[in-house]
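Colleague: Now for the letters of each chain:
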Amino acid sequence: MSAVLDPQGQAGGHADDHHDHAHPHGWRRWLYATNHKDIGTMYLLFSFAMLMVGGVLALGIRAELFQPGLQFVNPGLFNQLTTMHGLIMVFGAIMPAFVGFANWMIPLQIGAADMAFARMNNLSFWLLIPAALMLVGSFFMPGGAPAAGWTLYAPLTLQMGPSMDAAIFAMHIMGASSIMGSINIIVTVLNMRAPGMTLMKMPLFCWTWLITAYLLIAVMPVLAGAITMTLTDRHFGTNFFNPAGGGDPIMYQHIFWFFGHPEVYIMILPAFGIISAIIPAFARKRLFGYTSMVYATASIAILSFIVWAHHMYTTGMPVTGQLFFMYATMLIAVPTGVKIFNWIATMWRGSMTFETPMLWSVGFIFVFTMGGFTGLILAMAPIDIQLQDTYYVVAHFHYVLVAGSLFGMFAGYYYWAPKWTGVMYSEFRGKVHFWGSLIFFNITFFPMHFLGLAGMPRRYADYPMQFADFNMLASIGAFGFGFMQVYFFLAVVVPAMRGKGEPAPQKPWEAAEGLEWEVPSPAPWHTFETPPKLDATATRVIG
Amino acid sequence: MALTEQQRKSNLRLGLFLASLAAVVLIVFVAKIIYAGS
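Protein chains in written order, with our numbering: chain E, 10 to 552; chain Z, 19 to 56.
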C-alpha cells in the first residue's frame with residue numbers, strides 16, 4: 010500500500026519521522042484530517058465519486074435522447090436529470106477536484122509545511138459531504154429533484170417542490186466550503202512561501218489558483234445572496250424575482266451570471282496552471298512567457314466580471330448593451346490567445362515526448378481551443394440570438410469544461426500521481442484512457458454543434474426525426490466516454506492506491522521543475538517542516 | 019514545525035480580512051438589490 014493511504018510506509022527525505030507516531034490511524038485519520046495531503050486525497054476521491062454520479066445522470070439524458078420519442082423518462086424527470094447533472098458536475102465534481110489538486114500541490118510547490126488553516130481545511134472538506142447528500146437526496150423528495158436548470162432561473166425555482174430548498178441549502182454549504190477553501194489558499198500562497206520563493210518565481214499552478222481564489226471570494230457571496238432571495242421569495246413573502254408580485258426574473262439572470270461567468274473561469278484557470286507545468290516538462294524547455302502568463306491569467310479574471318450578459322442577449326437588452334458585452338467577451342480571446350500561443354511556443358523546437366500527461370495536455374490545447382472558438386462565435390449577439398439555448402451552446406461549454414477542466418485534471422493526475430502514490434501508472438493504460446476519452450468525447454459533443462445549428466433546443470426530452478442520427482451518435486459516444494472513466498478508476502487509480510506498479514523515482518519526469526520533485530515519492534506525510542533554502546530560480550532545494 | 023506566533027497572527031489577520039471581504043460583497047450586494055427594488 011502506498012504512503013498516500015498508509016503513512017507508516019513513508020520515505021525519508023524531508024520527513025520528520027518522529028512525527029509518525031502521532032498520526033491518527035483508521036477512520037480518525039480521515040475524519041480529523043488536518044494534513045494537506047490527506048485532505049487533498051479526500052477531495053479528489055469525493056470529486057471523482059461525484060463525477061460518477063453526475064455521469065450516470067448524463068447517461069440517463071443520453072439514453073433518453075438515443076432515439077426520438079419518450080423511452081425511459083418523462084419530460085419532468087428529464088429536466089431533473091439535466092439540472093442535477095449540471096449542479097453536481099459544477100459544484101460537486103470540478104470545483105472540489107481542483108481544490109484537491111490545490112491541497113496536494115500548493116504547499117509542496119511553495120515549500121510550505123501545510124495549508125495556513127489546517128483545521129478550517131478539514132471543515133471545508135467535510136461540509137461537502139452533507140451538502141452532496143442533500144443535493145443528491147433531493148431526487149427522493151416529494152416532486153423529485155429541482156428541475157429549473159443548473160442556473161436555477163426564476164420563476165421556475167419559485168414553482169418547484171421542497172427539493173429546491175434542499176438544493177439551495179446544499180449550495181449555501183458548498184459555497185461556504187469554497188470560500189473557506191479560497192481563504193486558505195490565498196493565505197497559504199501569500200504568507201507561507203519558502204524564503205526565496207518570490208511571487209514571480211512561483212509555479213503557475215499556484216498563480217492560477219491564487220487568482221481563482223480571489224474570484225471565488227468575489228462571486229460566491231453573490232450566488233449566496235441570489236439563492237437566499239429565491240428562498241425568501243419562496244417562503245417569506247418577498248417578490249425579488251416573482252413577476253406575479255412585481256418582481257423581476259431578468260434581474261435574477263443578471264445576478265446569476267455575474268456569479269456564473271467568473272465561475273466558468275474558476276473552473277478553467279487552475280487547469281491552465283496544470284498545463285503550464287506539464288508542457289515545459291515534456292518539451293524540455295522553460296515555459297515561454299511566464300510573466301505574460303501571469304498577467305494573462307489576471308486579465309482573464311478581471312474581464313470575467315464584465316461579460317456576464319452575453320448569456321442573456323435574448324432577454325431584450327438594448328443594442329448598446331449587447332454591443333458592450335459582445336466586445337468585452339471577444340476581448341477575453343486576447344489573454345486566452347496569449348496562453349495558447351505561449352504553450353505552443355514552449356513546445357516549438359522542444360525535445361518533446363508524449364507520455365500520458367503530455368498527451369492530455371496537447372489534447373487539452375486542441376479541444377479547449379475548439380471550445381474557445383465556438384465561444385467567440387457565441388459571443389456575437391446576432392449569431393447568439395439564433396443559437397441561444399440550442400445544442401450548439403451545449404457543445405460549446407462541454408468543449409470548455411470537459412475538454413478543458415476535466416482533461417486538465419487528468420493531465421495533472423498522470424503528472425503528479427507518481428508523487429502522491431509512490432508508484433508509476435501503466436503508460437499503456439494511461440494512453441488507452443486518453444485516446445478512448447478523446448475519441449468518445451468528440452463523438453459525443455462534436456455532432457451537437459450540427460444539432461444546434463439545425464435548431465435543436467436544449468433541455469427537451471424529445472426531438473423530431475431530423476435530429477435522430479446525430480443524437481444516436483452522441484449517445485453512443487457518451488456511453489463510451491463514461492466507460493473510459495470507469496476504466497480509468499479501475500485500471501489506473503485503484504492499482505495506484507494499492508501501490509501496484511513500478512516504484513516512482515523522486516523525479517519521474519527528467520525535465521520537470523519545481524519543489525514537489527525535491528521530496529521523495531511518495532511524498533512523505535510531513536514535508537518542508539523547516540523552510541527549505543532555495544536556489545536562485547526557486548526550483549531546487551540547496552539546503 | 020509548528021507555525022510561530024507571528025506567522026499564526028499574520029495568517030489570522032489576512033484570513034479575517036478576506037472573510038470580511040466576502041461578507042462586505044454579500045452585504046453590499048443584498049443592500050443594492052433591496053435598494054434598487056424599493
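Be careful, since some hints might not be right.
[As the list claims (entries may be wrong)] Distance windows between CB atoms, simulated:
#, chain 1, residue 1, chain 2, residue 2, range
1, E, Pro-151, Z, Ala-49, 20 to 26 Å
2, Z, Ile-52, E, Pro-540, 47 to 53 Å
3, E, Ala-342, Z, Lys-27, 40 to 46 Å
4, Z, Lys-50, E, Pro-514, 52 to 58 Å
[Stated by the list, open to error] Taking lysine-lysine pairs in the DSSO-like style, the calculated list, with each CA pair at most 27 Å apart, reads:
#, chain 1, residue 1, chain 2, residue 2
5, E, Lys-440, E, Lys-294
6, E, Lys-210, Z, Lys-27
7, Z, Lys-50, E, Lys-542
8, E, Lys-440, E, Lys-542
9, E, Lys-440, E, Lys-509
10, E, Lys-542, E, Lys-509
Keep in mind that the hints were calculated from the coordinates and are not lab data.
Glycine included, C-beta positions come from ideal geometry on N, C-alpha and C.
Colleague: Hint by hint, note whether the structure agrees.
Modeller: Hint-by-hint comparison with the structure:
1. Distance hint check for E/Pro-151 and Z/Ala-49: the Cβ-Cβ separation is about 35 Å, which falls outside the suggested range of 20 to 26 Å.
2. Distance hint check: the CB atoms of Z/Ile-52 and E/Pro-540 are about 48 Å apart, consistent with the given range 47 to 53 Å.
3. Separation of E/Ala-342 from Z/Lys-27 is about 44 Å and conforms to the stated range, judged on CB atoms against 40 to 46 Å.
4. Between Z/Lys-50 and E/Pro-514, the C-beta spacing of about 56 Å keeps the proposed range 52 to 58 Å intact.
5. For the proposed pair E/Lys-440 and E/Lys-294, the alpha carbon gap of about 23 Å is at most 27 Å, so the pair holds.
6. Note on E/Lys-210 and Z/Lys-27: the hinted pairing holds, with a Cα-Cα distance of about 25 Å set against a maximum of 27 Å.
7. Of the supplied pair hints, the one linking Z/Lys-50 and E/Lys-542 is violated, its CA atoms being roughly 49 Å apart against a limit of 27 Å.
8. Under the criterion of a C-alpha separation no larger than 27 Å, the hint pairing E/Lys-440 with E/Lys-542 is inconsistent with the structure, at around 38 Å.
9. Of the supplied pair hints, the one linking E/Lys-440 and E/Lys-509 holds, its CA atoms being roughly 18 Å apart against a limit of 27 Å.
10. A distance of roughly 34 Å separates the Cα atoms of E/Lys-542 and E/Lys-509; the hinted pair therefore is violated under the 27 Å criterion.
In this structure, the hints that do not hold are numbers 1, 7, 8 and 10, in rising order.
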